[in-house]
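Novice: Below are the chains, spelled out letter by letter.
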Amino acid sequence: EAGVAQSPRYKIIEKRQSVAFWCNPISGHATLYWYQQILGQGPKLLIQFQNNGVVDDSQLPKDRFSAERLKGVDSTLKIQPAKLEDSAVYLCASSLDRQVNEKLFFGSGTQLSVL
Amino acid sequence: GQNIDQPTEMTATEGAIVQINCTYQTSGFNGLFWYQQHAGEAPTFLSYNVLDGLEEKGRFSSFLSRSKGYSYLLLKELQMKDSASYLCAVFYNQGGKLIFGQGTELSVKP
Numbered sequence: 001e002a003g004v005a006q007s008p009r010y011k012i013i014e015k016r017q018s019v020a021f022w023c024n025p026i027s028g029h030a031t032l033y034w035y036q037q038i039l040g041q042g043p044k045l046l047i048q049f050q051n052n053g054v055v056d057d058s059q060l061p062k063d064r065f066s067a068e069r070l071k072g073v074d075s076t077l078k079i080q081p082a083k084l085e086d087s088a089v090y091l092c093a094s095s096l097d098r099q100v101n102e103k104l105f106f107g108s109g110t111q112l113s114v115l
Numbered sequence: 001g002q003n004i005d006q007p008t009e010m011t012a013t014e015g016a017i018v019q020i021n022c023t024y025q026t027s028g029f030n031g032l033f034w035y036q037q038h039a040g041e042a043p044t045f046l047s048y049n050v051l052d053g054l055e056e057k058g059r060f061s062s063f064l065s066r067s068k069g070y071s072y073l074l075l076k077e078l079q080m081k082d083s084a085s086y087l088c089a090v091f092y093n094q095g096g097k098l099i100f101g102q103g104t105e106l107s108v109k110p
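Going down the list, the sequences are from chains D and S. If you use this note's numbering, the first sequence corresponds to residues 1 to 115, in order. If you use this note's numbering, the second sequence corresponds to residues 1 to 110, in order.
Extracted from the complex, chain S is given alone in its bound form (with noise of 0.2 Å):
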């Protein structure tokens, strides 16, 4: 299988910081996705690695290990609209498919 692990839920304040990591199955790994889903909307694109580090996109940044299978969201100076779920997804090889995680539910709390 392809594996894709994130932690469910969590819980952050407002104007943290705040790690979502990710961990998946290395075989036929070619990328990885975050993705930003709010209840009842459709997922839309935060990030994008293929290469080993760490990318920032304003108070956002993605890191991957592709050794370790290994990949986090970081989410900078929390707000309010932050509270939403994130989803890891990863680019296996084979047939050019897009699998995602079960999502992590991020609450921000004032």
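In isolation and in its complexed conformation, chain D is listed as follows (with noise of 0.2 Å):
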């Protein structure tokens, strides 16, 4: 079974410029999260969809964030100005459902770097 596929793996921009996020969720999964991870901390969720619906964006920092899963399968991830501070990895996950005891499976993140 493929795995949740994220793309670029690496990504370095200047402060103020503009980058985007893929995300592939295992075949079947309805829920789809986005977690943004800095160095030496534990993942924060960002945004929570359940097929093309947003169940959860209260985290998100929506004057600069924006993410769709407009089909209810891949989703991305944008940021527009970016600032020093978002520098981190971003983590994509999805699980079957978004049932309390439904394990969540991650992608192997994007390391943003921003200069």
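Simulated from the structure, these hints should not be mistaken for lab results. You may find that some hints are simply not true.
In silico DSSO-like links for lysine-lysine, alpha-carbon gap of 30 Å or less [claimed, not checked]:
| hint | chain 1 | residue 1 | chain 2 | residue 2 |
| --- | --- | --- | --- | --- |
| 1 | D | Lys-11 | D | Lys-103 |
| 2 | D | Lys-71 | D | Lys-11 |
| 3 | D | Lys-78 | D | Lys-62 |
| 4 | D | Lys-11 | D | Lys-44 |
| 5 | D | Lys-62 | D | Lys-11 |
| 6 | D | Lys-44 | D | Lys-71 |
| 7 | D | Lys-83 | D | Lys-44 |
| 8 | S | Lys-109 | S | Lys-76 |
| 9 | D | Lys-44 | S | Lys-57 |
| 10 | D | Lys-103 | S | Lys-81 |
| 11 | S | Lys-57 | S | Lys-81 |
| 12 | D | Lys-44 | S | Lys-68 |
| 13 | S | Lys-57 | S | Lys-68 |
| 14 | S | Lys-81 | S | Lys-109 |
| 15 | D | Lys-103 | S | Lys-57 |
| 16 | D | Lys-15 | D | Lys-44 |
| 17 | D | Lys-78 | D | Lys-11 |
| 18 | S | Lys-76 | D | Lys-103 |
| 19 | D | Lys-44 | D | Lys-62 |
| 20 | D | Lys-103 | D | Lys-71 |
| 21 | S | Lys-109 | D | Lys-78 |
| 22 | D | Lys-103 | D | Lys-15 |
| 23 | D | Lys-44 | S | Lys-81 |
| 24 | S | Lys-81 | D | Lys-11 |
If you follow the hints, you should be able to join the two separate chains into one complex; please do so.
Specialist: As structure tokens, this is what we get:
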């Protein structure tokens, strides 16, 4: 079974530039998550989708971050414009459904460096 | 808030046993996960607890006390490859969110 696919693996940009990350979840997984993980910290939930609808985006800095999952399958996360403090690993995860005991499967992440 | 607390780092010796503790806010609790994360890699699932008690899976065990808002991950017969970050994550029923602690960086030394 293929895992969660993310691209790019690494990205280096200057502050105020824009960047986009892509995620393709495991086939059949209805729930998709984007997490931000700053070095030395645990993953912080940015946004959660159930199919193509947003379940929770309370921690998403909406003035600069946006995400979509138009067809309920793959998803993109965009930052525009980027700030130095956005340097982190962006992890995408998916699960079968938004049930309590469904474990999340993570992609390898995109490591973003903002200079 | 939904504070999840675990020690920042721990050191143990190869072949020994180590216990990593996690405390969390009990309101809205609906399950607890432990994940392992090696440097530069994605988190991988280790265990899941929703009822009180001990869940054993090979060298790894996880314990939960819902009334105390407390869990621990027990690693036996430590190996060098167990050096990693161990993440405690709690499923809160409001919105079905999985919230992670900061992670415990475990170093296993010869």
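Novice: Now look at each hint and say whether the structure bears it out.
Specialist: Tested hints:
| no. | hint | verdict |
| --- | --- | --- |
| 1 | D:Lys-11 x D:Lys-103 | 28 Å, holds |
| 2 | D:Lys-71 x D:Lys-11 | 26 Å, holds |
| 3 | D:Lys-78 x D:Lys-62 | 10 Å, holds |
| 4 | D:Lys-11 x D:Lys-44 | 19 Å, holds |
| 5 | D:Lys-62 x D:Lys-11 | 21 Å, holds |
| 6 | D:Lys-44 x D:Lys-71 | 25 Å, holds |
| 7 | D:Lys-83 x D:Lys-44 | 17 Å, holds |
| 8 | S:Lys-109 x S:Lys-76 | 14 Å, holds |
| 9 | D:Lys-44 x S:Lys-57 | 27 Å, holds |
| 10 | D:Lys-103 x S:Lys-81 | 23 Å, holds |
| 11 | S:Lys-57 x S:Lys-81 | 17 Å, holds |
| 12 | D:Lys-44 x S:Lys-68 | 24 Å, holds |
| 13 | S:Lys-57 x S:Lys-68 | 23 Å, holds |
| 14 | S:Lys-81 x S:Lys-109 | 10 Å, holds |
| 15 | D:Lys-103 x S:Lys-57 | 16 Å, holds |
| 16 | D:Lys-15 x D:Lys-44 | 21 Å, holds |
| 17 | D:Lys-78 x D:Lys-11 | 13 Å, holds |
| 18 | S:Lys-76 x D:Lys-103 | 23 Å, holds |
| 19 | D:Lys-44 x D:Lys-62 | 15 Å, holds |
| 20 | D:Lys-103 x D:Lys-71 | 23 Å, holds |
| 21 | S:Lys-109 x D:Lys-78 | 41 Å, violated |
| 22 | D:Lys-103 x D:Lys-15 | 35 Å, violated |
| 23 | D:Lys-44 x S:Lys-81 | 26 Å, holds |
| 24 | S:Lys-81 x D:Lys-11 | 28 Å, holds |
The structure fails to meet hints 21, 22 from the earlier list, while all remaining hints are met.
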